[in-house]
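Q: Below, each chain spelled out in residue letters.
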Amino acid sequence: MISARGLRKSFGDFEAVKGIDVEVRRGEAFGFLGPNGAGKSSTMRMIASVSPVTSGELRILGMDPATDGPAIRGRLGVCPQEDTLDNELNVFDNLYIYGRYFGIDRATCRERARELLEFAQITEKARSKVEDLSGGMKRRLTIARSLINNPDLLLLDEPTTGLDPQARHVLWDQLFRLKQAGVTLVITTHYMDEAEQLCDRLVVMDKGVIAAEGSPRELIGAHSTREVAELRFGVGEHEALAGKVEDLGERVEVLPDRLLVYSDHGEDVVTAVLDRGLRPLATLVRRSTLEDVFLRLTGRTLAD
Amino acid sequence: MAITTRSSGATQDARPAGALSAWEGMARQYDYWLTVLKRTWRGGVVSSFLTPLLYVVAMGVLLGGFIEGDPDKLEGATSYLAFVVPGLVASHAMTIAVSESTYPVMGAIKWHKTFYAQLATPLAVRDLVNAFIGFVMFRVASACAVFMLVLAPFGVFTTWWGPILAWLSQVLVGFAFAALVFAYSARLRSEEGFGVLFRLGVIPLTLFSGAFFPIGNLGPVLEWVARLTPLWHGVSLSRMFCVGQVDWSLVLLHVVVLVTLTVVGWFLAVRNLDRRLEV
Numbered sequence: 009m010i011s012a013r014g015l016r017k018s019f020g021d022f023e024a025v026k027g028i029d030v031e032v033r034r035g036e037a038f039g040f041l042g043p044n045g046a047g048k049s050s051t052m053r054m055i056a057s058v059s060p061v062t063s064g065e066l067r068i069l070g071m072d073p074a075t076d077g078p079a080i081r082g083r084l085g086v087c088p089q090e091d092t093l094d095n096e097l098n099v100f101d102n103l104y105i106y107g108r109y110f111g112i113d114r115a116t117c118r119e120r121a122r123e124l125l126e127f128a129q130i131t132e133k134a135r136s137k138v139e140d141l142s143g144g145m146k147r148r149l150t151i152a153r154s155l156i157n158n159p160d161l162l163l164l165d166e167p168t169t170g171l172d173p174q175a176r177h178v179l180w181d182q183l184f185r186l187k188q189a190g191v192t193l194v195i196t197t198h199y200m201d202e203a204e205q206l207c208d209r210l211v212v213m214d215k216g217v218i219a220a221e222g223s224p225r226e227l228i229g230a231h232s233t234r235e236v237a238e239l240r241f242g243v244g245e246h247e248a249l250a251g252k253v254e255d256l257g258e259r260v261e262v263l264p265d266r267l268l269v270y271s272d273h274g275e276d277v278v279t280a281v282l283d284r285g286l287r288p289l290a291t292l293v294r295r296s297t298l299e300d301v302f303l304r305l306t307g308r309t310l311a312d
Numbered sequence: 007m008a009i010t011t012r013s014s015g016a017t018q019d020a021r022p023a024g025a026l027s028a029w030e031g032m033a034r035q036y037d038y039w040l041t042v043l044k045r046t047w048r049g050g051v052v053s054s055f056l057t058p059l060l061y062v063v064a065m066g067v068l069l070g071g072f073i074e075g076d077p078d079k080l081e082g083a084t085s086y087l088a089f090v091v092p093g094l095v096a097s098h099a100m101t102i103a104v105s106e107s108t109y110p111v112m113g114a115i116k117w118h119k120t121f122y123a124q125l126a127t128p129l130a131v132r133d134l135v136n137a138f139i140g141f142v143m144f145r146v147a148s149a150c151a152v153f154m155l156v157l158a159p160f161g162v163f164t165t166w167w168g169p170i171l172a173w174l175s176q177v178l179v180g181f182a183f184a185a186l187v188f189a190y191s192a193r194l195r196s197e198e199g200f201g202v203l204f205r206l207g208v209i210p211l212t213l214f215s216g217a218f219f220p221i222g223n224l225g226p227v228l229e230w231v232a233r234l235t236p237l238w239h240g241v242s243l244s245r246m247f248c249v250g251q252v253d254w255s256l257v258l259l260h261v262v263v264l265v266t267l268t269v270v271g272w273f274l275a276v277r278n279l280d281r282r283l284e285v
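Chains A and B, in that order, are what the protein sequence lines are. For the first sequence, the working numbering gives the first residue as 9, with consecutive numbering after it. For the second sequence, the working numbering gives the first residue as 7, with consecutive numbering after it.
Just so you know, these hints were derived from the structure itself, not from any lab. Accuracy of the hints is not assured; some may be wrong.
[Unchecked claim] Using 25 Å as the maximum straight-line C-alpha spacing, the simulated PhoX-like pairs for lysine-lysine come out as follows:
hint : chain 1 : residue 1 : chain 2 : residue 2
1    : A       : K26       : A       : K187
2    : B       : K79       : A       : K133
3    : A       : K137      : B       : K79
4    : B       : K44       : B       : K119
5    : B       : K119      : A       : K137
6    : B       : K119      : A       : K133
7    : A       : K215      : B       : K44
[Stated by the list, open to error] Partner residues aside, some chain A positions facing chain B, computed with beta carbon under 7 Å:
hint : residue
8    : T92
9    : F110
10   : G111
11   : A115
12   : R118
13   : R122
Where a beta carbon is used, it is the ideal one built from N, C-alpha and C, also for glycine.
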């Protein structure tokens with residue numbers, strides 16, 4: 009569906025994407041993870057065939073965006089990071105008018121719009137103005153709009169940013185249903201739980217390059233341990249105590265409020281810590297998550 | 007030498023795969039612009055028909071009553087009303103075209119992001135410009151047509167065909183300004199630039215392009231400056247047809263100027279919007 013080789017994007021002197029290779033197969037849910045400024049959105053816009061490739065090769069649905077842009081865009085659904093809904097149109101017209109841009113005839117457009125309102129659970133809002141919708145409803149409408157042309161490939165740029173947990177779960181459920189229906193999904197996100205929920209395969213991007221690639225499980229296996237023991241001591245003690253537990257795990261990370269000991273057997277770490285006479289205020293053993301991988305690969309400092 | 011082969015075979019058509027014809031690109035946006043029209047026509051009635059009518063009454067009838075209707079001094083018109091009406095309608099065409107191609111263009115780029123949403127579909131920048139200017143021209147053409155019809159009973163037209171050609175001249179004025187101002191607006195980052203456009207562009211053009219008085223009154227230097235303004239070409243064209251004293255070589259010049267400005271404006275509009283929306 010998507011094939012990129014040495015893909016680059018520059019804006020003047022600034023290189024947003026510095027040569028990435030990506031392969032997305034039919035029917036899979038593929039994720040781009042990364043902190044702000046990692047180059048995810050630039051990559052997405054090139055895939056959406058609205059932003060010209062600076063260099064490298066990009067093929068979408070077997071076509072070259074430089075020459076076949078309109079044909080590619082006709083088969084894509086795009087859910088942009090910033091809502092681009094038409095606030096002056098009502099909810100139904102946002103879908104109907106958008107469908108017309110794809111050359112879908114009026115009767116089919118109306119029918120599709122009604123189906124999608126149902127799918128997005130906003131049927132009762134059909135005649136409302138867009139500005140009266142909640143954030144979650146707007147997002148669902150944007151996704152519904154991106155489906156008006158029955159796309160082969162759906163691009164979602166940070167689909168759940170800014171939504172409350174209920175709204176996120178409704179959206180995840182809908183995306184999962186789309187995936188079941190065979191739609192190929194490409195998602196950017198900086199929510200690790202979202203990536204773990206939705207993505208079959210993902211790449212972690214940092215500063216314009218791909219830092220790691222694989223399924224969520226593979227990435228955890230390759231870049232973290234099975235479990236993490238979190239040890240909380242008094243404020244200011246962590247740095248000094250790190251040396252005393254260093255040998256208990258594969259890696260120890262010192263945070264201002266706790267120590268993280270990466271190990272395949274977290275409970276054993278805690279037992280050993282207690283055996284050494286150390287008395288943490290609190291302990292927690294948890295499974296490694298993509299968040300651990302992400303922070304390992306992209307660092308803990310703020311990106312912007 | 008690089009040799010490239012294409013599986014689809016060589017074609018003369020340089021258009022990208024799936025690209026729409028200009029007509030198809032506009033047709034797909036018809037429903038969109040129809041909803042815009044349904045939403046905004048009421049305000050349009052006031053600004054397009056009522057305001058100019060007040061001008062005609064105030065300037066043409068009431069003020070014009072003090073002006074001697076000497077055809078030698080009024081470019082062939084037998085009354086000031088007959089003189090001022092064709093110019094007023096032509097400058098009105100400009101005003102509508104400018105106001106419809108300023109804030110709405112910026113809105114579609116910056117505030118509503120309509121253009122970004124439209125570009126994620128098979129539509130191209132060219133299609134957006136065409137449909138946008140098409141809608142502006144619908145506004146201009148309908149407003150000028152109604153205006154001319156309303157004025158018919160006032161006895162300011164000398165032939166039946168004159169007003170029709172005058173109307174076409176006004177449409178040409180609209181095209182030239184819509185395209186040029188679209189190109190300007192597509193580059194603009196903040197709306198302050200529109201204030202400059204209205205104060206230094208639209209108002210001086212309205213006052214000094216021969217709509218209200220013959221540009222001969224300006225003196226030799228300023229008269230030539232006035233002749234270089236696009237609006238004068240439209241005013242002169244519109245007036246020649248209404249008054250019924252047509253110099254066909256002058257007509258040709260006016261039409262060439264206005265069409266050239268439209269074509270140049272259109273290319274600039276597409277280029278500027280393309281650069282602006284590229285991300």
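Q: Work down the list of hints and note, for each, if the structure agrees.
A: To see whether the hints hold, each was checked on the structure:
no. : hint            : in the structure
1   : K26/A / K187/A  : violated, 30 Å
2   : K79/B / K133/A  : violated, 64 Å
3   : K137/A / K79/B  : violated, 57 Å
4   : K44/B / K119/B  : holds, 20 Å
5   : K119/B / K137/A : holds, 17 Å
6   : K119/B / K133/A : holds, 22 Å
7   : K215/A / K44/B  : violated, 48 Å
8   : T92             : holds, 4 Å
9   : F110            : holds, 6 Å
10  : G111            : holds, 6 Å
11  : A115            : violated, 13 Å
12  : R118            : violated, 11 Å
13  : R122            : violated, 16 Å
Comparing the model with each earlier hint shows violations of hints 1, 2, 3, 7, 11, 12, 13; every other hint is respected.
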